[in-house]
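Protein chains in written order, with the working numbering: chain A, 28 to 113; chain B, 8 to 235; chain C, 12 to 237.
Certain hints may be false.
Derived lysine-lysine pairs resembling DSBU-like cross-links, with alpha carbons at most 30 Å apart [what the hints assert, rightly or not]: (1) C/Lys105 with B/Lys147; (2) C/Lys105 with B/Lys109; (3) C/Lys25 with C/Lys105.
Please keep in mind that the hints were generated in silico from the structure rather than gathered at the bench.
Letter by letter, the chains look like this.
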Amino acid sequence: MIAMTLRPVLRFARLPILAGALALGAHMLADPLVAQEALPGSQMARQSLRPYWHVFAAYAIVIVLIGGWAFSIARRLRSLEERLVD
Amino acid sequence: MTGIRRGAVALTLLGLAGLVALFWLSFFWVSTEVTQGVVQRIFYVHVPAAWTAFLAIGISALCSAVYLWLRDERLDRAALAAAEGGLVFATIVLTTGPLWGKIAWGTYWTWEPRLTLTLLLWFIFAGYFMVRNATEDPDKGKRFAAVVAIVGALDIPFIHVSVLWFRSLHPQPVVAKVEGPTLPGDMLATLFFGLGTFTLLFFGLFLFRYAVEGLRTRAELRTRTSAA
Amino acid sequence: MSAYVGRLSAIVRKDLVLELRSRERVASMAAFAVLAGVLFNYSIDTTRVRPQDVAAGLVWMTLVFDGLLGVGRTFHIEAQDGAMQGILTSPTPKDAVYLAKVIANFVLLYSVALLVLGVFALFFALDVSTNLGWVLLVLALGSLGFVALATLFAAISTGTSMAETLLPILVFPLLVPMVVFGVGSTGRLIAGRPFSEVEGNVRMLGAFAVGAVAAGAVLFRYVVEE
Numbered sequence: 028m029i030a031m032t033l034r035p036v037l038r039f040a041r042l043p044i045l046a047g048a049l050a051l052g053a054h055m056l057a058d059p060l061v062a063q064e065a066l067p068g069s070q071m072a073r074q075s076l077r078p079y080w081h082v083f084a085a086y087a088i089v090i091v092l093i094g095g096w097a098f099s100i101a102r103r104l105r106s107l108e109e110r111l112v113d
Numbered sequence: 008m009t010g011i012r013r014g015a016v017a018l019t020l021l022g023l024a025g026l027v028a029l030f031w032l033s034f035f036w037v038s039t040e041v042t043q044g045v046v047q048r049i050f051y052v053h054v055p056a057a058w059t060a061f062l063a064i065g066i067s068a069l070c071s072a073v074y075l076w077l078r079d080e081r082l083d084r085a086a087l088a089a090a091e092g093g094l095v096f097a098t099i100v101l102t103t104g105p106l107w108g109k110i111a112w113g114t115y116w117t118w119e120p121r122l123t124l125t126l127l128l129w130f131i132f133a134g135y136f137m138v139r140n141a142t143e144d145p146d147k148g149k150r151f152a153a154v155v156a157i158v159g160a161l162d163i164p165f166i167h168v169s170v171l172w173f174r175s176l177h178p179q180p181v182v183a184k185v186e187g188p189t190l191p192g193d194m195l196a197t198l199f200f201g202l203g204t205f206t207l208l209f210f211g212l213f214l215f216r217y218a219v220e221g222l223r224t225r226a227e228l229r230t231r232t233s234a235a
Numbered sequence: 012m013s014a015y016v017g018r019l020s021a022i023v024r025k026d027l028v029l030e031l032r033s034r035e036r037v038a039s040m041a042a043f044a045v046l047a048g049v050l051f052n053y054s055i056d057t058t059r060v061r062p063q064d065v066a067a068g069l070v071w072m073t074l075v076f077d078g079l080l081g082v083g084r085t086f087h088i089e090a091q092d093g094a095m096q097g098i099l100t101s102p103t104p105k106d107a108v109y110l111a112k113v114i115a116n117f118v119l120l121y122s123v124a125l126l127v128l129g130v131f132a133l134f135f136a137l138d139v140s141t142n143l144g145w146v147l148l149v150l151a152l153g154s155l156g157f158v159a160l161a162t163l164f165a166a167i168s169t170g171t172s173m174a175e176t177l178l179p180i181l182v183f184p185l186l187v188p189m190v191v192f193g194v195g196s197t198g199r200l201i202a203g204r205p206f207s208e209v210e211g212n213v214r215m216l217g218a219f220a221v222g223a224v225a226a227g228a229v230l231f232r233y234v235v236e237e
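Whenever a hint applies, use it, and build me the whole structure from the sequences.
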């Protein structure tokens with residue numbers, strides 16, 4: 028019963044979990060505290076690089092989600108065509 | 008069928024080419040916004056994704072309403088395809104928005120009205136699929152999902168007004184508004200290019216998804232007739 | 012027209028009589044309201060937050076959860092002993108069935124809302140007397156909008172394998188306007204502000220309720236058809 032209830036939830040949580048992991052990755056890469064405690068100068072440099080990481084992560088999310096959707100459609104299309112051929 | 012497939016291929020290829028061009032434009036061509044800096048470039052995918060997600064609920068609700076009226080299976084397939092796309096694009100909005108917000112406002116999440124509205128839209132789409140999947144009788148699932156899409160779309164103006172009012176009641180951190188007539192020409196051009204690109208991609212993949220649903224119906228029909 | 016009203020009121024009467032006899036839903040909803048008030052009391056740090064300031068939000072959250080508890084079971088009896096089939100094959104129009112269910116649920120939820128208001132006023136020392144009439148109107152409009160949506164979606168969720176677990180997922184996103192406008196106006200009215208200050212909120216709440224009832228009346232037939 029619990030598994031049955033959770034299954035569709037998990038199915039729809041898949042997208043945000045994936046995207047969230049990407050965002051978290053960008054956060055970890057960009058956060059000077061997570062990266063390392065370094066000299067103030069290089070920390071400044073990291074801090075100012077952080078917006079770039081966020082932009083890259085956002086554009087990566089766009090590619091992953093749209094590509095993922097396209098890929099899943101293609102997979103379903105192929106499997107259905109195979110089913111219809113035999 | 009083949010006509011749909013050809014249209015889907017054409018639109019998707021155009022959309023993908025547009026996406027490459029959009030990435031190039033927003034990385035190398037458009038000028039950096041003065042107050043927010045480089046992070047504002049998220050704007051060029053964030054806003055088009057939002058536009059597409061709301062376009063999707065509109066299409067889904069419209070097709071659902073006509074489906075309930077005419078009971079043409081094709082309309083239900085279109086509503087389903089649009090809802091799936093809407094879920095994908097709403098997810099893009101909800102993940103790119105916080106990435107932008109963390110830099111621009113200093114926090115991942117604010118109760119910014121349009122972000123909140125998109126979150127609720129995401130749950131409307133999720134409800135659409137949960138209802139469909141939780142019914143044994145497919146026809147019943149289609150009717151239920153159609154009602155969810157219609158009521159969801161009708162409720163969106165109310166939600167929009169309410170989240171706007173809520174914000175006016177509670178002072179928020181100053182939100183830099185990038186939209187408006189003050190947007191410089193090259194940013195406006197990039198934004199419109201993004202809107203066009205995302206719309207093309209949406210319709211291309213929408214047609215593919217629609218074709219998948221058509222094939223599924225045929226496959227199921229065949230298994231049923233061969234079993235009988 | 013009078014035949015329509017007659018059939019409608021017959022279903023309303025049947026539902027309310029059933030409820031009065033068994034007192035199943037009203038008893039559990041009333042108990043829920045009081046116990047929620049008790050739990051809320053311990054969830055607020057009264058040295059930091061004055062309960063009066065958050066009371067409006069608590070009243071509405073209790074109403075929402077309590078409403079789901081009660082309205083979620085609207086079609087329970089019918090679904091269990093196949094009585095739904097009887098109602099739907101009868102010549103009664105489907106929208107009359109829906110409106111009757113909405114009215115019966117509204118009577119139930121509004122009485123619970125009055126109880127919630129009374130109990131919370133007692134628990135959290137609220138002074139509701141200055142704007143009592145307006146507060147009652149706001150609660151009525153909110154209850155109507157809630158019941159209209161929840162009844163429609165209760166019919167849907169009863170027809171799925173997920174049953175009641177699906178109802179909040181479907182209804183909560185749609186209820187945001189009701190909570191925003193309801194809490195916004197109730198909070199200020201309880202604080203003794205004049206009605207003119209919340210008039211816009213109350214109008215929107217009314218529009219929401221009317222829209223929800225209309226949409227439900229039109230769409231209900233597609234939910235229950237066989």
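Verification of the supplied hints:
no. : hint                   : verdict
1   : C/Lys105 with B/Lys147 : holds, 17 Å
2   : C/Lys105 with B/Lys109 : violated, 50 Å
3   : C/Lys25 with C/Lys105  : holds, 16 Å
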